[in-house]
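*Asks:* One-letter residues, chain by chain:
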Amino acid sequence: MKNRLPPRRKRGGEGLVTASPFLLPSLIGLLVFSLLPLIISGLISLTDWNGLDRLTDPDFLQDHFVGLANYKSILTTPEFWNTLGNTMEYIVLYIPLMLAASLLVAYLLSRPHRGIGAFRVVYYIPVLTSWVAASLIWKSVLAPQYGAMNGILAWFGIQGPGWLLDEAWAMPAIVLVSVWKDMGFFGLILLSGVVGINKTYYEAADIDGAGGWTKFTRITLPLLTPSIFYVVIVAMINGFQLFPQVMIMTGGGPNGATQVMVERIYQYGFRYYRMGYAAAFSWILFVIIMVFTAIQMKGQERWVHYDS
Amino acid sequence: MMKKSKLFSLIALLLTAVLLLSACGGNNTANNAGNGGNTAQNDTQGGDAAEPVTITYCNFNSSGGNEETLAKMVAAFETEYPNIKVEVETIGFDDYFTQMQTRVAGGTAPDCYELNIENFAAYANKGMLAEITGVDVSGLNDTALNAFKVDGKQYGLPESFSNVVLIYNKDLFDQAGVDYPTADWTQDDVQDAAEKIRALGDDIFGIWQPITYNEFFKVVAQYGGALLNEDKTAFTINSPENLEAATVLVDRVLESNVQPNAVQQGGMGDWDMFMSGRLGMIPTGIWAFQTFTDGCDFAWDIAVEPGSTQKATHFFSNCVVMNPETEHPEEVAAWLAWLASSTASADIRLEAGWDLPALKDLDALSSYLEVTPPDNREAVFESLDYLVMPPVIEDYALMSDIISQKLAAAAEGTITVQEALDQAQAECEAQIKLA
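If you read the protein sequences in the order shown, they are chains A and B.
Numbering-wise, the first sequence is residues 1 to 308 according to the working numbering.
Numbering-wise, the second sequence is residues 1 to 435 according to the working numbering.
In isolation and in its complexed conformation, chain A is listed as follows:
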């Protein structure tokens, strides 16, 4: 891996001067619109800012500084742990289901079969749909009595649950909708992994008389692990940042069963006028995502195979 990197240029200092005018426009954008807000939000998280007071007031920090009080109060409320639990429930259900679904999408896209033309168009439509529109449609599909979902289940003699209105089913329903929406995107990424696998492995396997399932588990899956790893990381981060579908389909209900972290951050910041608290909440979320990503990065050595 290391010898693939281009040799380091010795006269880097001079190159930087020449390159800086070209780099600056995007660098400035990054500094002003990403790094600066990041730093400011860190400062805000140490205050009791209500979101309305003028931040540029010279005495602002002096008047509103509360130290780590926001962090302490977040971590000691049961609400936070409930919210974290809900978020984890989502991730634990979402990632395996989404992986299975997007593997299926990748598989269907990778081989010629009847109706492939139509499928190639259809599978990506959910990805392109806006979350707001998709959520509204699904909300009506999942309506217990008059929704299409329970109507279809009724044909098979199954009495469908209350879905978004049922504490136990609300989160699985949101997972279902998210998988439906995301499998096209992740399927496409897995497809690029599948296509990149060297055909000679399969030819060798054919000669050895391996069946389809064996080829899938012994060749495709192992060589797909780099793509799967990427998909899992991205899906996990997205999972922690779960927001629009919850906001529109359940608003955190029923009885707090789908309250998730970003939803809480939004409510505290923009509905309850507790911007300092919301900023601290988002930093806690940031740290959680960092930790989980780091664990994944460390863990990948055990199961991700880079074909060399």
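Calculated directly from the structure, the hints in this document are not laboratory data.
Note that beta-carbon positions come from the ideal geometry of N, C-alpha and C, so glycine has one too.
Computed beta-carbon distance windows for the label pairs:
1. D363/B - N82/A: 50 to 60 Å
2. G157/A - R103/B: 48 to 58 Å
3. M290/A - G92/B: 30 to 40 Å
4. Y146/A - S256/B: 23 to 33 Å
Incomplete in silico selection of chain B near chain A, CB under 7 Å:
5. T98
6. V104
7. A105
8. A122
9. K126
10. M128
11. A262
12. V263
13. G266
14. G267
15. A397
16. L398
17. A408
18. A409
19. T414
Go by the hints and put chain B onto chain A.
*Replies:* Coordinates of chain B only, in the frame set by chain A:
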């Protein structure tokens, strides 16, 4: 060669620094930068004193149908006050409060704007509003005026109001052989009628009354309870009166089932249920009249909301407020007072069938009474005698969310009513500091 590229990068650095300054500094730095470069702006600011004063006004209420009504009002106002020009900006309700919050914090709020009652208290208590003085507001409804006072100071003028009445399906009452509701009905009468209507069919329900904070603070008042003590220094959410009120509401779902539970409701909206002829009664806003007139193929009418130990009816109001940083406080006050209390503005409002002006003198509203259905339109005004104001506190939204969530759990039967109120009391006490 070397020198040139260094010079170039230095200039680029400088340019970007200027960009950065003007981009992130908000109003103050923008003005500073304007001294150097933006002379065009300075020219317009130092214009002729005889020119009319322009004030900016932001609102959400006209979006989605009444933009032109508001434009008519502005035109009428400008004819009356030729020295004032009003620049209107209309933002949809969903984005309005996040936008306004950002603008207030950034120092770019308009001279005056509209707020609903939930957000009014937050803004007023955080010192974001100017007291409105020097204008005659005696024509405005006293309850409404009081709703927008903090510590005796008038920070907002009630610009419009709506209230809630009991709307009922006459056909279902006839079929069940029950007398129509009257102004002296109590919750017990409602229960009796609801049970008889429920008996008409599996899919027909007596009443729909949301078990949420918004209904709750009113129903507890009907039972002599309240969510806060009188001087708003302590929560009284789990008082015996409140428990009685909440039990009545929850039992209608779980015990007598005259009100559908979430699954029986099946994701259908409450107005849709009423319009499909499946609900005997629904206490809802007078803004439903037009929709029900168009959507109901049965006879319906209205009555003053039922009471219990006393009567209490809902009242919603939007107010208009002044930015303390405005350069034209007198002109702004004149516009706000005109918008809220002038007969000219009221006429335009009524003619467009928008909402009702919050006027004391109901004669101005006589044309409103002529439209039917409902036949008993007077009930809208009779209801005004029993208005109960929402308990306006700084953390209004947080309090209402906590209470709504606990009530919903009780209505599902997950926890008992007593537990719901106890938990709501404890959570409000833990999370909200009352003045």
